[in-house]
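Asks: Spelled out from the first residue to the last, the chains are:
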Amino acid sequence: MRLIAKSERCSGCGACRLVCGLTNYGEVNPAMAALSIHGRFPAPGVYEISLCDQCGACAEACPVDAIEAQNGVYLVNADVCISCGECIEACPHGVMFDHARLDAPIKCTLCQACAEICPRDALVLEEA
Amino acid sequence: MTLTIQVAHSIRSVVNDLPKTIIVECTESKTLRQLAVDVGIPPILIVFGMINGVKKDLNDIIAANAEVHFFGTMSGG
Amino acid sequence: MLKGYAGRILRVDLTNEKIVRQSLPAKMAQNFIGGRGFVAKTLFDELPPDVDPLGPDNIFIAASGPLSGQFLPASGKTHFGCKSPATGGYGDSNLGGHFGPALKYAGYDMMVLNGRAALPSVLVIEDETVSIRPARNLWGMGSLSSETRLKEEMGEDFQILTIGPAGENRVAFACITHDFGRQAGRVGIGAVMGSKNIKAIAVKGTGSIPVNDPKALLEEGKRAYRNVRAKPGFTGWTPEGTAGITDWVARVGALPTRNFQTSYWDQHAKINGAAILRELKITDKGCYCCPTPCGKYGRAKTGLGHVYVEGPEFETISLLGSNCLIDDISEVAYANYVCDELGLDTISAGVVCSWAIECFEKGLLSREAIGKDVQFGDLESVVHLLECIARREGVGELLADGVKTAAQKLGHGSEAFAIHVKGLEWSGYECRNAPGMMLAYMTSDVGAHHARAWVLGHDLAGSSASVHDLIVSEGTGEHLPKSKVTGRAAKVIESQHLRPLFDLLGICRLQFMELGFEVENYERLYEVVTGKRMTLEQMLSVSERVWQLTRSVSAREIPGFGRSWDYPPERLMNDPVPDGPNRGHCISRREVDILLDEYYALRGWDANGIPKAETLISMGLADVAETISQWACHETT
Numbered sequence: 038m039r040l041i042a043k044s045e046r047c048s049g050c051g052a053c054r055l056v057c058g059l060t061n062y063g064e065v066n067p068a069m070a071a072l073s074i075h076g077r078f079p080a081p082g083v084y085e086i087s088l089c090d091q092c093g094a095c096a097e098a099c100p101v102d103a104i105e106a107q108n109g110v111y112l113v114n115a116d117v118c119i120s121c122g123e124c125i126e127a128c129p130h131g132v133m134f135d136h137a138r139l140d141a142p143i144k145c146t147l148c149q150a151c152a153e154i155c156p157r158d159a160l161v162l163e164e165a
Numbered sequence: 096m097t098l099t100i101q102v103a104h105s106i107r108s109v110v111n112d113l114p115k116t117i118i119v120e121c122t123e124s125k126t127l128r129q130l131a132v133d134v135g136i137p138p139i140l141i142v143f144g145m146i147n148g149v150k151k152d153l154n155d156i157i158a159a160n161a162e163v164h165f166f167g168t169m170s171g172g
Numbered sequence: 324m325l326k327g328y329a330g331r332i333l334r335v336d337l338t339n340e341k342i343v344r345q346s347l348p349a350k351m352a353q354n355f356i357g358g359r360g361f362v363a364k365t366l367f368d369e370l371p372p373d374v375d376p377l378g379p380d381n382i383f384i385a386a387s388g389p390l391s392g393q394f395l396p397a398s399g400k401t402h403f404g405c406k407s408p409a410t411g412g413y414g415d416s417n418l419g420g421h422f423g424p425a426l427k428y429a430g431y432d433m434m435v436l437n438g439r440a441a442l443p444s445v446l447v448i449e450d451e452t453v454s455i456r457p458a459r460n461l462w463g464m465g466s467l468s469s470e471t472r473l474k475e476e477m478g479e480d481f482q483i484l485t486i487g488p489a490g491e492n493r494v495a496f497a498c499i500t501h502d503f504g505r506q507a508g509r510v511g512i513g514a515v516m517g518s519k520n521i522k523a524i525a526v527k528g529t530g531s532i533p534v535n536d537p538k539a540l541l542e543e544g545k546r547a548y549r550n551v552r553a554k555p556g557f558t559g560w561t562p563e564g565t566a567g568i569t570d571w572v573a574r575v576g577a578l579p580t581r582n583f584q585t586s587y588w589d590q591h592a593k594i595n596g597a598a599i600l601r602e603l604k605i606t607d608k609g610c611y612c613c614p615t616p617c618g619k620y621g622r623a624k625t626g627l628g629h630v631y632v633e634g635p636e637f638e639t640i641s642l643l644g645s646n647c648l649i650d651d652i653s654e655v656a657y658a659n660y661v662c663d664e665l666g667l668d669t670i671s672a673g674v675v676c677s678w679a680i681e682c683f684e685k686g687l688l689s690r691e692a693i694g695k696d697v698q699f700g701d702l703e704s705v706v707h708l709l710e711c712i713a714r715r716e717g718v719g720e721l722l723a724d725g726v727k728t729a730a731q732k733l734g735h736g737s738e739a740f741a742i743h744v745k746g747l748e749w750s751g752y753e754c755r756n757a758p759g760m761m762l763a764y765m766t767s768d769v770g771a772h773h774a775r776a777w778v779l780g781h782d783l784a785g786s787s788a789s790v791h792d793l794i795v796s797e798g799t800g801e802h803l804p805k806s807k808v809t810g811r812a813a814k815v816i817e818s819q820h821l822r823p824l825f826d827l828l829g830i831c832r833l834q835f836m837e838l839g840f841e842v843e844n845y846e847r848l849y850e851v852v853t854g855k856r857m858t859l860e861q862m863l864s865v866s867e868r869v870w871q872l873t874r875s876v877s878a879r880e881i882p883g884f885g886r887s888w889d890y891p892p893e894r895l896m897n898d899p900v901p902d903g904p905n906r907g908h909c910i911s912r913r914e915v916d917i918l919l920d921e922y923y924a925l926r927g928w929d930a931n932g933i934p935k936a937e938t939l940i941s942m943g944l945a946d947v948a949e950t951i952s953q954w955a956c957h958e959t960t
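Protein chains in written order, with my numbering: chain A, 38 to 165; chain B, 96 to 172; chain C, 324 to 960.
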């Protein structure tokens, strides 16, 4: 499975970010989300979604092998992570995030909560 | 033809004793307006109707089995 | 620890640059819920006596509610409050978008600003860090331009409020703009922000909102989204948003036309929702967590220029479109853009412009006074007036204080067609044959606004004795019978508690109002986030308490406040509608008195419309009851 963004359908509501944080961390906090929405205003007046496509650049950059693929999904092992931030720098889509209250970076786990909730069908799952 | 009519809360809150769903059998095609009159919904309270999920004018005709929605008075913003 | 709330109030003394963080009292959350409830309570408790709405001692409040920022449909609302520059009484204004949630993630349920910054400033809140920074050359810039600049400088993660030149120049109907097209439009809230030398407020929050049961919130939130998605209005209503009612409003003869001279315009199809989709729309633009984005962001191409703009919404279509006889959706959108950039409420601006144009037609305002000839149906006339108003230049100095004050100054009978109640210009529904809606406008606490109560459907139903008669009487272009004037108050009061409930909870009412998302769902959502049970009935009781409180605030703040402040303008009482479905209809002064008498009796107010002490006590407002006789003009029959 992979997550695809159909940004032309996005209305900027951000429910995806809120459900991401709530699902993966149990907190009402969009700053704990693993995707981001960019509003291009005033022109051209559209939204762009940035999300993880499981490219593995983060894993490659990690000096302690804290990021490994499981069934095609790269996951961060918080016990191994040393919070160096190299993965965040390396991510080509800017969708690895840190948060002051978390020990390891935030990364998409392909939990599918965002696609399930998006009322605009702007986040869809496809066979890889 | 069989028509399943869903009556929005915004109509039912103004006109008493209207059910949420009304099923009617019709032998001939008719306008949405006439359908509303037939089942006791004042057309003046309908902001728009939908036939099979497509927004329609009250003068549009229904000619086959369909699901019809009547939306009531709504405020703007 | 309070769950569902951020748990703190941020107080900023702009004069002394003092910042205080206070715990949110549990009693306040229990008795006033949030949002508008917090605004009303704070204004009553903290407004100094005889304060000038545009002076440093007025209070500027922004508050969210317990459901703001939560995982549920449309949790993005913020409620603002102040002593209103438009009316001199209770003032509040509601904003969609993303600001309230951001303030909550930063750790605050409410922000209260006192005093005045020494220089034009930007207030910046980034989690625990609060600073007042010089606005520098932002002062003088348009609202949208300022937000663009601040987003570039600070990053897209900040949620930003801005005022335009209108707010800086303290225009009585200046608004706050946010997210490139959302507004806190009414009561002159933008002027209060400007009077405090605050050009913008920028918030970024990375904290979590403590909730009682996050797992349950996840499930209930998902269920709520599935519910809304399954509603027929999800696909039926969303594409056109609020503009979708334009044709119907015309059909029922309630469309303000030509400065409310009449209530039907045969050009309505040129400025309706379908016209927006055809000519303007680029993006369905939504507020925080909203599944039914009603914002239509697009590009308008006119002879005066090409602009990007969010809108027009129905109200703007009504007051800047039909009310000014602008028959081109792109031109209505352009006027909308001008208002947004200048920082003017489109509703009040439309009414003020149409009044000015009528004054010109009648020879009460000259070409020299205005600076040019103006006429209905002319975008250039409207834009000229808007620019004068925002800068208080030329005729703008007269118009900038609102239509009530302008008409008082101009005289010559112009007050008769200054369409306002209490000094707030009338919004998008003409009601000479809609007595319930008329009563709603008359008794709305902030002045003539439809957000508090909306009962047009009941008025239409009330025009006939039976459903059969109602069915028979309807027809395209046909003449509507006169609507019954008695028995209107109960529905208005019910609506005045239900609609503002959403302003207390901090969420949008459109999923309930337009799509039929069952209002009982909010009981469960409230319980899941706060851990407390509150039935819908209990919530409505709080809303009723807030209603009595806002009336009391105005009774205290406005000298001589009472029944006389609840009347509609002369035009609506004296001039029958000349054409359209409601031709010949009018509401008489006698009928207005019938409406008010019935309303006051049900409200527990005296004949002058002042809450009785026993009513206030029964509402849990004993503190108000204690003092009301000192400052209110009671009258007994």
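Calculated from the structure, these hints are not laboratory results. Where hints are given, some of them may not hold.
Label-pair restraints from in silico Cβ distances [said to hold, decoys possible]:
id : chain 1 : residue 1 : chain 2 : residue 2 : range
1  : C       : 468       : A       : 126       : 43 to 53 Å
2  : A       : 121       : C       : 477       : 57 to 67 Å
3  : B       : 116       : C       : 372       : 56 to 66 Å
4  : C       : 920       : B       : 154       : 40 to 50 Å
5  : C       : 538       : A       : 121       : 44 to 54 Å
6  : B       : 116       : A       : 126       : 53 to 63 Å
Reference excerpt, derived from the structure (chain A facing chain C, CB under 10 Å, subset only) [to be verified]:
id : residue
7  : 39
8  : 43
9  : 50
10 : 55
11 : 58
12 : 66
13 : 68
14 : 79
15 : 120
16 : 122
17 : 126
18 : 127
19 : 138
20 : 141
21 : 154
A quick note: this is a predicted structure, and the numbers were derived from the prediction, not measured. In this text, a Cβ means the ideal position worked out from N, Cα and C, and glycines have one as well.
Asks: Decide, hint by hint, whether the structure agrees.
Replies: Cross-check of the supplied hints:
{"no.": "1", "hint": "468(C) to 126(A): 43 to 53 Å", "verdict": "violated (34 Å)"}
{"no.": "2", "hint": "121(A) to 477(C): 57 to 67 Å", "verdict": "violated (27 Å)"}
{"no.": "3", "hint": "116(B) to 372(C): 56 to 66 Å", "verdict": "holds (58 Å)"}
{"no.": "4", "hint": "920(C) to 154(B): 40 to 50 Å", "verdict": "holds (42 Å)"}
{"no.": "5", "hint": "538(C) to 121(A): 44 to 54 Å", "verdict": "violated (33 Å)"}
{"no.": "6", "hint": "116(B) to 126(A): 53 to 63 Å", "verdict": "holds (58 Å)"}
{"no.": "7", "hint": "39", "verdict": "violated (22 Å)"}
{"no.": "8", "hint": "43", "verdict": "violated (13 Å)"}
{"no.": "9", "hint": "50", "verdict": "holds (4 Å)"}
{"no.": "10", "hint": "55", "verdict": "holds (5 Å)"}
{"no.": "11", "hint": "58", "verdict": "holds (8 Å)"}
{"no.": "12", "hint": "66", "verdict": "holds (4 Å)"}
{"no.": "13", "hint": "68", "verdict": "holds (4 Å)"}
{"no.": "14", "hint": "79", "verdict": "holds (5 Å)"}
{"no.": "15", "hint": "120", "verdict": "violated (17 Å)"}
{"no.": "16", "hint": "122", "verdict": "violated (16 Å)"}
{"no.": "17", "hint": "126", "verdict": "violated (18 Å)"}
{"no.": "18", "hint": "127", "verdict": "violated (21 Å)"}
{"no.": "19", "hint": "138", "verdict": "holds (8 Å)"}
{"no.": "20", "hint": "141", "verdict": "violated (16 Å)"}
{"no.": "21", "hint": "154", "verdict": "holds (6 Å)"}
Hint compliance for this structure: hints 1, 2, 5, 7, 8, 15, 16, 17, 18, 20 are not met, and every other hint is.
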